[in-house]
Structures are given as structure tokens and as C-alpha cells.
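Let the sequences and hints guide you as you build the complete structure.
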Amino acid sequence: MTTAPLLTCENLNVSFGSHHVLKDASIDIRPGETVGLVGESGSGKTTIGRAILGIGPVTSGRIVFDGQDITGVAPRNRTGDAARIQAVFQDPYSSLNPAMTVEETLIEPMVYRGLYAPVDAKARVRDLLDQVALPADAAHRYPREFSGGQRQRVAIARALALSPRLVICDEPVSALDLSTQARVMDLFIDIQNRTGVAYLFVSHDLAVVRHISHRVAVMRSGEIVEFGNCDQVTSNPKHPYTQRLLLAAPVADPARQALRREAFERLSAAS
Amino acid sequence: MLMFLAKRLATGVILLASIATITFFLVFSGTQRVVVNILGQSATDADIAALTRKLGIDRPLLTQYADWLSHALRGDLGNAWTMDGSVTDILGRTLPVTLSIVAFAIAVMAILAALLGIAAATRSGWIDRLIQVLSVIGFSMPNFWLGLLLIIFFALTLQVLPATGFVSPASSVTGWLASITLPAGALILSGVASAAQQVRGAVLDALRQDYVRTLWARGVSPRSIFFRHALRNAVPAALTVLSVQFIALLSGSAVIERIFAIPGLGALTVQSAVVGDIPVLMGIVTSMVAVVVVVNLFIDLLNALANPKVRLS
Amino acid sequence: MSDLVNNDTGRRAPARQTLIRAVLRNPLGAAASFVILCVVLIAILAPLIAPQDPTAVQIFKVNAPWDAEFLLGGDGSGRDILSRLIFGARNTLLGALIVVGVSSTLGVAAGLIGGYYAGRADTVFSWVADGLMALPAIIVLLAFHQVLGSSIYYSMAVFGILLTPGFFRLTRNLVASVRNELYIDAARVSGLSDSRIIFRHVLKTVRPPLVIQVSIVAGIAIIIQAGLEFLGLGDSQVPTWGGMLQDGFANLYVAPEAVWWPGLAISLTVASFVLLANAVRDTLQQNQPTGRKLAVDPSPVSQDGDAADSADIILSVRDLAVGYPDGDRWREVVRDVSFNVRRGEILGIVGESGSGKSQTAFAILGLLASGGTVLRGSIRFEGRDVTKLDFAARHALRGSQIAYVPQEPMSNLDPSFKIGFQLMEPMRTVLGLSKAQARARALELLGHVGLPNPLRTFNAYPHQISGGMAQRVLIAGAISCNPKLLIADEPTTALDVTVQAEILKLLRNLQSELGMSVIMVTHNFGVVADLCDRVAVMQQGRIVEINAAGTLFATPEQDYTKMLLSCVLEDSPVRAYVAPTAGGGN
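Chains as they are written, first to last, in the working numbering: chain A, 1 to 271; chain B, 1 to 313; chain C, 1 to 586.
Hints in this document: simulated from the structure, not taken from any laboratory. One should not assume that every hint holds.
Stated by the list, open to error - Covered stretches of chain B, as calculated for chain C (at least 3 residues, CB under 8 Å):
#: 1; stretch: 25-34
#: 2; stretch: 126-139
#: 3; stretch: 213-227
#: 4; stretch: 242-252
#: 5; stretch: 275-286
#: 6; stretch: 290-304
To be verified - Calculated pairs, PhoX-like style, for lysine-lysine (alpha carbon to alpha carbon, straight line, at most 25 Å):
#: 7; chain 1: C; residue 1: LYS204; chain 2: A; residue 2: LYS122
#: 8; chain 1: C; residue 1: LYS388; chain 2: C; residue 2: LYS484
#: 9; chain 1: C; residue 1: LYS418; chain 2: B; residue 2: LYS309
#: 10; chain 1: A; residue 1: LYS238; chain 2: A; residue 2: LYS23
#: 11; chain 1: C; residue 1: LYS418; chain 2: C; residue 2: LYS435
#: 12; chain 1: C; residue 1: LYS505; chain 2: C; residue 2: LYS484
Note that the structure is a prediction, hence the values are computed from the model and not measured. Don't be surprised by glycine CBs; every beta carbon is placed ideally from N, CA and C.
Given below as C-alpha cells:
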């Protein structure tokens, strides 16, 4: 618990016109840690991720990454370690350019950033594909030739290309089928164990977040209502909203779900 | 809704003002050449200077513009240089002729395009193919060539319709119809198939919406699904098609009126363009844009009425 | 399963080469390309191939019919029509080139900027484009004739500006839609500059539609140029197709044949450009289903094996196969599917994407997407095979007997009508209620599905209510005509989890109250566990296992079911945080 945080967000506020979508949100992520961010649509969870990435606005507050203030700095102006924040997005169908092969997609940031010469970058593509368990011949294919799960693996490889220290994962498995989802989650965990990368894992699904996170933050209408250790937040939440969220998600067992449903209805009646 | 319309009206007025202004400075920057044109090559420098002074174009351009604008706002567009009478009078004579043809043409086109488009959307097959072929043919045949062919066939060979001339609807409605059938036909034939294709696209698009499937599942009658729900939601796209076609017809009127010797605004444009009657050309551009603005405003109004999101805002 | 294996390998050729090749493989596309190529060659080689000097006058050839010397005859001034036609191709193509160059350069540049940056630049550009579109082109060009002088090319450059909005709008809309694609965000996150993103990522994807627009604009340019020349605004020294038409027009009563040749030349060239555009468009849309009709093998007569307990069984599906046309054969998305639904029972159909669960549901409703066909098997509703019913009899079942709750609440309400009207319409058609009766029942239903203010919702348009409310409205609509069977297709997938819990509760209450049967199509095992009496698990168009919910979850029989259930993340062990020893990174 004494490790210095890799990223801190202090009192972030974001407004779109008169819409206050993020209200004094503060979170921190330690090196090699996964922080889960749970909330329903419109809760502002994606807005935090985009602010950290530098592709969304910040009205007030501070984002500090490894000692550097990166608030409102666009990715192209980030240098040094600040450039080592990458992203994996939700929709595997729209997150890859359909007109570019996998190799072109992976090489572009490496060469453009000047991290690798084109020849070395090509060699690294093989290594990256290997890391995400895709065959080497995937390099010369187009996104349309892959399934949703495979595309998400390509997107993960792209994020890894710049040797990130933090990856913002915005609902990376919610568009995937159940069986694919489990395997992609395991890949995320495996990569973290191997490379020590930290994740901000944004999702609407408490069970998914519990599976991968060390700590969990719960958001509702732009506010973080609860932030604590994973086990406490996901199995013994303190805030009534988190309790509601937990009990609302049905479990795959008719007997236990009947009990959970009753508990949810009791909670709804009480509030 | 009122806000929306007020906004569209303001946009239209600004559009009209800016186009009139830009046009003014462009056409009045070339007046020197026009004066030589009007007087002929044998004109002396003194003749040119005299006419220049007489027409008031020896003054600075800005002064001329201020003068034109202050008169235009009162409905006075100045006097023609090469014809008798004021520009307003000339436009008052020619504009109704052109509008009567274009209005008739657009009405026929709207009906044909709607019928063909809906038929193609509901019974794909030969009618769909036919419209595809016709739209390629219509697009590639210039309307002035088509006009010539119509004259050769209907006026010269069959001799059933007059080749040239215009009869005012005030003097004889049947005469008017006979005189504008060929011009209107030449105007719309090129666009009607492509308009029908766009109507077809709009209807098919409306029929593909999720809520149409839900209406089927609810047991709503097929007639209501088609006529009430699908057509209603296809209206905005179809109206936009009409607005674009209307402008195309105005543009085409210049050539068509020339072929059929119709004394309308289009023929007037050609005539004044060749001799360089700049006040008349100014008046033509201003009045045509004004007509387009009014028509578009009307279409905006119809669209607003069809769309509850706009209607209730 | 197939996450790591993909049979669909090959096709490695770059997209652009295949586009050109595919266009040439299309007969019309090849013919159009050939004609355009010919016109270009004729224009370049005009001095070599023209039999006569196009400006030489032979006085006794005035309006002459064709002969060995003047193959297409002479024009009104006694010049060779064929030679003038050949030379006319030159200025026609040059004019088209100017128009395309001006309009595409300006329009695409403005479209890229407006679409990518949005904001003020976009507003200004859009406004200018609207203004230009309001101008009748020929009238404006005529008005500027004196300023522009007698060279047609200045006029064509101005016409290029007038056609800019087409390119601008096309590019802008394409860019605006691409801009929201996540791969643009990903490129920004990678640190790419805006100009690099625009040229590498945006322009690349919007290129094919621009090819279509170039072809169309070239066609328009040729027509307008000929029109201006026809009106006598061109240079009278240069032979042009439009000028030849004018000459033909002047001699229309003497030699009407003369108007044919230039007109044909214009039409043929323009038609080639249009057909080329169509060929490119068709190539881009190639993946869409073809309109060809495939024959359906007559299904074997189904035996009535279940006749004994048919009183209790409301729906009996036997050996169902559903297919979509795919080239010359059927692609079966559902096959050998058999199951029963008892009265008052909730059956869950669960599976991953592509398992055929929704297609099975739509087959029962008779609302398969265009091309979808029941190839084999029977669907018996209360003993009657509905696949054998005619359209009207089938439609009569919908709403009154079998109802449907869709997945996306917002897109399933007609945006143009008030919710009240949309609820009343089926009741008036199906149940024959009067307007007042239907209104009373609609209000009652809206209250019944838990909407706090029924009258307000009744008078609202769909855009005025939330997604959760819209789903309640759709459920009210589904039960409004007292159906015996309700088919719900992923009814909670688009909703937040707390709203989902409320909708599930509503469905459960309505079911027990009305005693109807329900088919619940979903991918979520939690939803199945919450609601269903029995469960069918589907995989790749087949049912792999069907059982009572309690049994299926406790003791799944099939490996596939076991695998799916093992993938459900629930109460997984929590990970312990260990700070990395090194400085991180790899």
C-alpha cells in the first residue's frame, strides 16, 4: 500500500455546455494495478478515460502521470513516459481501420513515434502477435477477415506496441460473446502479470470488473460514489447504489437468483 | 418551431443579400468591356466616356452598390441598358412565364417520381430495372438535345404540338397547356427517373426501419404500415429531392426557353448575357435566388410539420 | 471455439486493386471504361484521325447529306461534321477536367477540414455550400459571361466552384462518420498528428465514394458545357459538340439529321461516366444479398407425433431449417430445430451471436429479414402449421395470438407518431375497438406496465421518453391484444442493469397475471436463470441441449453448455495486488 501511484486524478470536472458530466472525480492507479470503473450509461466513466488519454476535455482538476502533469495535453504532444498511456476500446469492429492490414495498423505508431526503424518494427509485429496469441500470418490480413475476439486481440497488440505503463480499457469485452469474453479477460490478466502494465478497466458489468480488478470505483451521474478494494466493493458494498447495482445483475443459477431478486426488491422497497 | 422557421427565414435573407452583393461586385467590375460591346467596335473614346457617364458606371463601385441597394430595397432594380423599361417591369413580364412552366413541370415530376418510386420500392423487378435504365438515359441526354428531338418528332413529323411560342394561361388554358407541354417535357424527362430512384431509396429506407417490423408483429394492417408509417417517414427525403430538382429546372429553363422561343426569364438571361445588360442580369440573379429561398422555406416548413422533434421544439 | 481459428483466409490483395479489377469484371463497367478510353484517345489523336480540317469551309457542302468525303455530311457552314465531332472531344474533356479538378480539390479539402474538426469551420463551409446549392447554375454562368469573357474554360472553372458542395457534403459526411470510429481515437491515442490521421486514416476510407462523385460530376460538366456552347457562349472558332448542336438547331428545318451526331456523342460519353459510377457503386455494395430467387425443396410432410398432448402445447416447432440465399445456394442459419412451448411456460433460448436464436424467433413470427426463408420443418401454433398459412391468415395471428418485444426500444417506435396513437392502432385493427375504448385501454396498459404518468406518456412522442420507458411502452403494446405467446428478443440487452431488473420483474408479473407463454431469446444466462422455466441452448443453428432451468444449470449434459456456464464470471476469486519490482514496462 506504500507504492507511489502511477496516475492520480484530482477533483476532475468535465462539462459539455451546461451538462456537468464529471463532478470532482478523484482516483489513483498504482503501477501494475487494475482499477475497475463501474457505472451505468451516462455515469461519466468513459469521460474519465478519455480525459486521461488526452482525447476528451477537462474543465478543471489535475491528472498527474508518473510525476508529470498531463491535464489537457493531447497525445501527440505527450513526450517521454507520458506517451506510454494507451487504450483498448469497446467495439472491435470500429476500432481497427478496415483499409489497413494488421501489420500496417501495428507498425504505424511505432514508426511514427520514432521508437523503431521500419524493419525493426516489422520484426516486433511478430512478437506482438505472439503476445496476444494470434498466428504470425495474421499480419498481412485485413480486419474484416477476423472475428470479434481476434480483432480485440489486434487492438490489444496495438496498445502494447508502444510499451505502455497504463492502458485505458473502455468496455473492452462487452461487445464479445461469453466464451470469447472470458478468454480475452484472461489475456489481459496474463499480459499484466508478465509486463507489469496498469489498467483502468471501464465496464458496466460488476462481475467482469471483479474478475480483473484490484480496486474498484463505482460511478453514478458523474460522481464516484464508492472506491475501495475489489472484494469489499464487489461483495460487500457500503454505498446503497453499489448494493443496488450488485443485486440487479442476475446470476446464472435459478435458486440463488431467486434469493438475489428478493434482496433487490427489498432494497428497492426500502429506498 | 417558430424559432426554427424564423432562423431559416433569416438564413434565407442573409443568403439572398450575400449572393446579390457578390454578384453585384463581380458583374459591375466588367462594365468597361460591356460599354464597348453595346456601342460596337467603331465607337470613339468620347462616345464610350459619354455612355459610361450616362449609365453612372464612372462612379466608384461602392457608390454604385449603395445606390443599387437603396433602390433595390424599395423594389426598384434600375433601368435596363439595352431594352426599354425598368428591370422590375421586365422581370414582372418574364418571371411569371418561367414560373408557370417550372411549377407545372415540378408538379408533374413530383407526381411521376412519387408513383414510379413507390411502385419500384414495393414491386422490385421490371419496374425497378426500367427506372434504373431510364435514369441513366435521362441523366446522359442533355435537355436541350431532348428538346430538339421533341420538336422534330412532335412538331415537325407528327405536327400535334406547336414547336415554339407561349400562350398565357390567362388568355387560353388549353393553349397554354399545348404551348408548355414540350418545354416542360424536355425539362423533366432528364430528372424524373433519378428523382424516382431517390424516392424509391427513401421508401425502402423507411420500410427497413426496426419499428416497421414491430408494426408487422403487432398486427397493424399492411396498408397502414405502408401508407401511414413508411410513406410519412419518407417524406422529408423526398421533399429534399424536389427542392434540388426545382433549382435544376430553373437552371434548365434558360436553354429550353431559347429552343422553344418562350419569352420567359431564361430566354431573357441568354439575351442579356450576350449583349451584357448588367442591370437586367443583376435583377435576374436576385429574383431567382429569392424564388429559391421562398421555395426552400416552404419545404422547410413542410419538413418541420412532418417531424415532431422540430415541430415541438 | 473459433476465436483463434478462422477459415476465411486468403484475399490479401490490397483493396484498391480489387476495386479496379472488380469494376472491369462488371460488363457495364468494362464497356463504360472502354468508351471513356476511346473518347480520350480520340481527343488526343484528333489531328491524326480527323479526315478533314474541322474549320475548312466547302460552300457546296452546306447542310449536305453524307458522302465519301464528308462521312456524316456537312454542317450549316459547309464544314465536315465528323471531323468537328472528333475535335469536339478535346474541349469537352478539357472542360470536364477543369470542373472535376476545381470542384474536387475545393470540396474535398473543405470536407476534410469541416468533417474532422467540426465546429466553426464546418458551420461556415456548410453555409457556403447551402448557398452555392441554391444557385441555378446556368443562370449564374450566363450572368457572369461578360466578366468571364468568351473562353469557355473560365466558365467551367466557375461551374466547378458551383459543384463544390457535392464533394464537400459527401466528404464531410463520410469524414464525420469516420471521425467517430474508434480507430480514429486509437490513432490519436498513439500520438499521431491530425494531418497524418486525415491523410492516412480518413482519406483512405472515403476514397471509393469520391470516385463515384468524380464520374458523376464529369458527366454533369459535359452537359452544362455543351449547354453553354449551345447558347452561343463558347469560342466560335473552336469546334465543340454544343456549338454543333447550335448549328444543327439553326438548320433544324433544313437538315434535322445534323442534331443527331453531337447529341449522340454527348449522351454516349455522359452515359459512360454514369455507368462507370454505377459499376463502382455496385462493386462497393457487392456483399449485399442478390435479388435472385432460389427454389425451396418441398418439406416432407410432418408426422403428428405430438398430437396426443397438443392441448397443453401451444407451440410445437419440428425440424425447422431457416436459410438465406448466398450465391446459388442456401446458407442455413437454423437447422434441425425442434422444441415445444407449453401453455403458461417461459422458454429461454440462449446462445452466442450467430447461434440462430433470433432467427428461430423471427421464423415463428413469420418476420424473417428479406430473403430469409423457412426451408424445412413445421411450426405448429395451437395445432395449425403456420408455415402453410397464406399471408393474411398468418398476419391475423400477429399481435392477437403471437406478440413480439424487440431489443432496441428507441428504434422500435415510429418517431412521427405519438405513443398513444401507436398503442391504439393495433387494438383498433386487431380487436376492433372504438377510438374511445382503445384510448381507455391504452391508458390502462401504460399504468399497468409501471409508467408513473400514463396520460403524459400517451401524449408524448418517442423522442420525449427514456429507453427504459420506451421498453415498457413496447411491452404494453405487445400485450395489448391479449396474445397467447409473447416472443421477446433480447428485451433487456440495450438497457442498464438496474432497468433490466425492473423490466424482468415486469415481464414475470405480466406473465403470471395473464398466463401467456413466453419465448425469451437472450445471450445472458443470468436473465435465463431469473425468468425461465425451461432453457434451450443453441449453437451454430442447432439446439444442443434443452432442459428444465434448474436441471440445466445444476447438471448440464452437453460439453458446450458446460463450457458456456464455466465462462460466466461470477464470484471469481479476487486478485491480490503485488507492486511490480522493476520500474514497470517491458
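Structure-based check of all given hints:
{"no.": "1", "hint": "25-34", "result": "holds (count 6)"}
{"no.": "2", "hint": "126-139", "result": "holds (count 3)"}
{"no.": "3", "hint": "213-227", "result": "holds (count 11)"}
{"no.": "4", "hint": "242-252", "result": "holds (count 6)"}
{"no.": "5", "hint": "275-286", "result": "holds (count 6)"}
{"no.": "6", "hint": "290-304", "result": "holds (count 3)"}
{"no.": "7", "hint": "C/LYS204 / A/LYS122", "result": "holds, 22 Å"}
{"no.": "8", "hint": "C/LYS388 / C/LYS484", "result": "holds, 20 Å"}
{"no.": "9", "hint": "C/LYS418 / B/LYS309", "result": "holds, 11 Å"}
{"no.": "10", "hint": "A/LYS238 / A/LYS23", "result": "holds, 20 Å"}
{"no.": "11", "hint": "C/LYS418 / C/LYS435", "result": "holds, 15 Å"}
{"no.": "12", "hint": "C/LYS505 / C/LYS484", "result": "holds, 19 Å"}
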